[in-house]
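A.B. asks: With chain W held as given, fit chain V onto it using these hints.
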Amino acid sequence: MSRSLNEIEAMALKAARGAGLPWGMAQEAGRAVRWLQSHGLPGVEALAQMLPGEAGAAPADLGGHWQGRLCPLLCGASLCDTAARFARGEGVVMERVLHPLLLLPFAAMAGAQVGRIVVVEWEGAKAACCGARLAVTGPQVYEAGPVMLRCYAVQEAADSRAPGFRGDVEPQAWRMLEGLAARTYAPESAESRRLGAGAGDE
Amino acid sequence: MRAQGAQGGRDPAQVMRLSRLGSFHQSRLSFMRILTRRMAGEAWWFTRPEFAVDAGGVGHAIYCAHGPERTYSLVAFSHALPDEARSDRVIAQAWDATFALFDGVPDAADIDRLRANVPLQEAGRLSARELSLSRANRSVRLWEHVVARLASGAQPDAGEIARVGYLMRTTAVYGSGKMGAADREMIADRPEFAAPFQVEMLTVYLIRAFLRDLVEHMARARGADRAVPLDPAVARRIGIGNSTGLGMAPFLLNHPQLLNNWIAAREGALARVRALPSASAEELAVFERVLAQSIAMADLWSTEHAGQAARVAGLRADLRVLQAHVAAADLREGHPWERLFVWAEGALGEEAQECLASLLLEPYGALVDDLAQGMADDSAGFCIDGAMEVQRLRAALRRTYGWALELDWADPAQTARAWYVSEAKLEPRLGERAREPIEPYEQPLAPGRDAARLWQALQGAKGSVAEFLLAHPEHRHMVRRVQICADAPYAEIRGNTIAADLMPMDMLRCKLSFFGAVHFDPRSDRWVRICLFGNAPYPEELSAENADFWPYPPVPA
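Chains W and V supply the protein sequences, listed in that same order. When the letters of the first sequence are read in order and numbered with this note's numbering, they come out as residues 1 to 202. When the letters of the second sequence are read in order and numbered with this note's numbering, they come out as residues 1001 to 1557.
Extracted from the complex, chain V is given alone in its bound form:
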């Protein structure tokens, strides 16, 4: 499959800036919403064939999702974890709960095999029958609050739920062949997994159902006859937390074609809406409703991170400006969305502009949802075009990396950081080049600098790319990127990923927004807590009516 372009999409030089990528919001094309739409549209049904958890919270359960052709089963293991062992670090060794998504329905032998491996996470082994591996830790505060309240016959406090948002947070959801699980190639031809990260999103969706059942189970164990189940309306507000660190940031750099396809889908959708000559009253009503709900969502967004808090404050103010503008503007005729978007680019900050870009898609599912089908990258891998003349390579390089050629790479601030993998943690880290002996271990995650180096090496070069690479194999990775970007306009971040002032958070936010995450709560510049599936219907509630707009919270009266 070729890389996806975006008909009429915005200029990559504008979209692919780090600060803008770091302002992205969930949309109709978010992977969680693609999943819930499909499951509702195909009338998936859900069963819980086993729930064998004791009064101390130890045991296992199986949750099956039945699609039109195949069944997938979440195998959940619940553990008794002492408080002092609870860590969100990806390198932890014990968790409150561990999970695998099984391809089909597991039998007793499968469960025994998984029980011996899944609780070990990275130290265990999976087979090609498993599609994902995950684990989660409790929010100690909310978990205890909910168990105690339910055990005493009362519902949990709405304010407590709003403040935390989740009963457990996952610290990793591994798919695509990790720890021996099935490679994506094994399942890529299944329609339900055509869009990216559907395995991972299904895993998290089923985990959420398990945790609701588990917290009710623990409340019954404590309160016996006095205990009550969670009010469904209260349960809905509870999502799954996710704690994400630097490990996710290199993903966008390591998968340029995939990044292109995500952004191109969103840009293509935005362009289709902006091109509409008029809007119906119904479409306007949908837009105004999700705008009001977005204001409510921004008001609920709590973070102690100073930078993000300032951006959230700006978003809240800007969305109200937008709402007032929309109320006063005539948005029925004369390319209303184009006019609105151009106005927003002059009047609102990046957070609100990108929020608007997402909101404009909401009334137009029939127009844009098909773009989800182009978001995966199942190409066999890019082959360098060795016959290309180096003059054309130079021109292509300048088109994508012109910004990098203008930077002064001799300035230590431009190369202050280096990405590396540490021996102790085996996970990507970002170090200070001048202060740590890490340069020999640097990962190839600085395309801007490497493009500038390639540009230098190409000075005076003649002939074909094949001849150039024969003499300069050290530039092979960068030649590949330049050629990928020539056909994939949104494949590359247009910013310096090793600069002293890099905010890795921008890269995390971009990726997580495509998952559909909301309430980004950076705990530093390097790791972030988010919430997934908050307000989503539970499996037994899922229907065509609630499968799509669930990320938007009710507007307070």
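One chain only, chain W, in its complex shape:
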């Protein structure tokens, strides 16, 4: 199904919120899924798998070695928040991160912040990204994990591609997100009908 990127971002944000993420993390999820789908990667599927599944952990500290079964969104946010490490030539090793695909957009944002290309690498998969641009090598970027994953900055990367303007989303995963998004809607009550109306009739 073809969706506009705004539709995808809005749906991912609402679904993440519906699944219980704080608003700021839900916003990150929306942007991340938008970024993935703009590159033809199955961000909607990844989020639809992640949200109802095991809630991974945040890193215990912001050093260079993150342990535990890790949440890609919490790790992604922290990776982005510590982008300066890539300018210093330092990287991060994450021991067991779930749904690693969801980490790519954060690596790209981190790279853009410090003007570096950031490589995200796990067994059989390698992606180099910076801002809107992405170069993927290796066939297995779409797995549930957990995987051991490394992030580091490089000077040059293989030919990267610019994002597209539409997202082709997998219908079943989209319906899953719709179901989660619906949890953000308040059920109608007699009181809300009376008090909450927007534009009225005449």
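Note that these hints are calculated values from the structure, not bench results. No experiment lies behind these values; they were computed from the predicted model shown. One should not assume that every hint holds.
[Stated by the list, open to error] Chain W is nowhere near these chain V residues, computed Cβ spacing over 10 Å in every case:
1. 1013
2. 1105
3. 1116
4. 1321
5. 1340
6. 1389
7. 1396
8. 1474
9. 1477
10. 1479
11. 1544
[To be verified] Quick look at which bits of chain V chain W covers, simulated, 3 or more residues with Cβ under 8 Å:
12. 1166 to 1178
13. 1183 to 1190
14. 1279 to 1292
15. 1343 to 1350
We put the beta carbon where it would ideally sit given N, CA and C, even for glycine.
C.D. replies: Same frame as chain W, but now just chain V:
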């Protein structure tokens, strides 16, 4: 693109108060005027390749706007809507007319596809070839009056037109990827869409031409040989109504950088004019003319909303005080506009002060119109600066949200409301926190309260923002706002958006004034009718001479 600052603009703590935002008026930098100036300046031309509407008013039409590089086509569908089905609610299911703006010129297959989807509005799907989706309902009273008069060979009554102002009112104009339409990113690099909401404004501009043609068509169907077309001078007075509810209010909160860029452009323009050492006779004449016309416009402004009616009455009186002051003052030398504005801040109410702020820009297109180019926000999205020390974050928070830290958030009146999206309507609503079970569904539209919560959480915190957010992901949305506001002085409303006494109308008015709307007619505190493109030249009339000052009505003799 970085957020726009305003060189010499007014203090955000003054400008960004809700009551002042709710007093804004259209200006040279309004999106409708940016559009008509550009189209006239580039000699856009307009065609109507199809008008296939039957005697019952059912069918479709295509209106093309040809720019220097590209053509855009309004595809209009006219329906036969029974009176009882006509609703201005955004959740309605049938309309008098439905529209899409097509990127290019549609072929027969495109029209078939659009006919299967556009009349369904939210229930249909668009493609990346469509830039907007819209619908409109008749003003039953004025529509019937105009059809009946024209059918009998007479022109409609000027008083009737002035009272209503429009033949149809739109209840939504969707752009930016809604219902599958093209995202803004697809078209943001086109010069004609560099300023905000140009797609939506072009859509409404072409809708207005279609409705004039449709009402004449219906009059011919009824009156045959007796029917006459609308007198062009009469047709000009007819705008497009717009009915806007709460759904628009969160927009300003959800797009802080965009709001900043709008306000910064207007503030920057005002500062440039106030800095002028002198004014020429021609510039003074333009100012005095638009001031007189603004008095005429205020006199035509009719609303039954008690609060707004009182403000309009104050505006009428204040503008006459201003006119008398201008007549007596020497405004040629000695920084005349600065002196006038400082006088106005002491002598006039907020409505008239903001009206003056808009009027001062009118003689100075060459000085201020370039600021329209900075009003969009096409940045890739704000990245939190995790390396910032929390002490600096606290200082930044205090600068933007000092007003919020002084409120007593334990007082139920300060948190009486909650923004939420209802299951039944899927649109933003404003509820009573204590009386409805809505708190678990609250949207993040209370930055003042959330800033106060963040302030509490930051007490005693040390280290970097990254470390703070690792421990407190629940504050991430608010940390982002604080950092955005640090570089974007006008990004945040300086008022409590969940207070018991919040007037959502102030937020609607602010946004609609940037569209260029006039004659705000609140039908409650929560929804408003406005008029767009009233007095504007129709496509075939558009020229450099009439492309700019059309919002101002003629001054009655």
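A.B. asks: Each hint needs a verdict: does it hold in this structure or not?
C.D. replies: Going down the list of hints, with the structure as the test:
| no. | hint | result |
| --- | --- | --- |
| 1 | 1013 | holds (26 Å) |
| 2 | 1105 | holds (21 Å) |
| 3 | 1116 | holds (16 Å) |
| 4 | 1321 | holds (35 Å) |
| 5 | 1340 | holds (39 Å) |
| 6 | 1389 | holds (13 Å) |
| 7 | 1396 | holds (16 Å) |
| 8 | 1474 | violated (4 Å) |
| 9 | 1477 | violated (4 Å) |
| 10 | 1479 | violated (7 Å) |
| 11 | 1544 | holds (35 Å) |
| 12 | 1166 to 1178 | holds (count 4) |
| 13 | 1183 to 1190 | holds (count 4) |
| 14 | 1279 to 1292 | violated (count 0) |
| 15 | 1343 to 1350 | violated (count 0) |
In this structure, the hints that do not hold are numbers 8, 9, 10, 14 and 15, in rising order.
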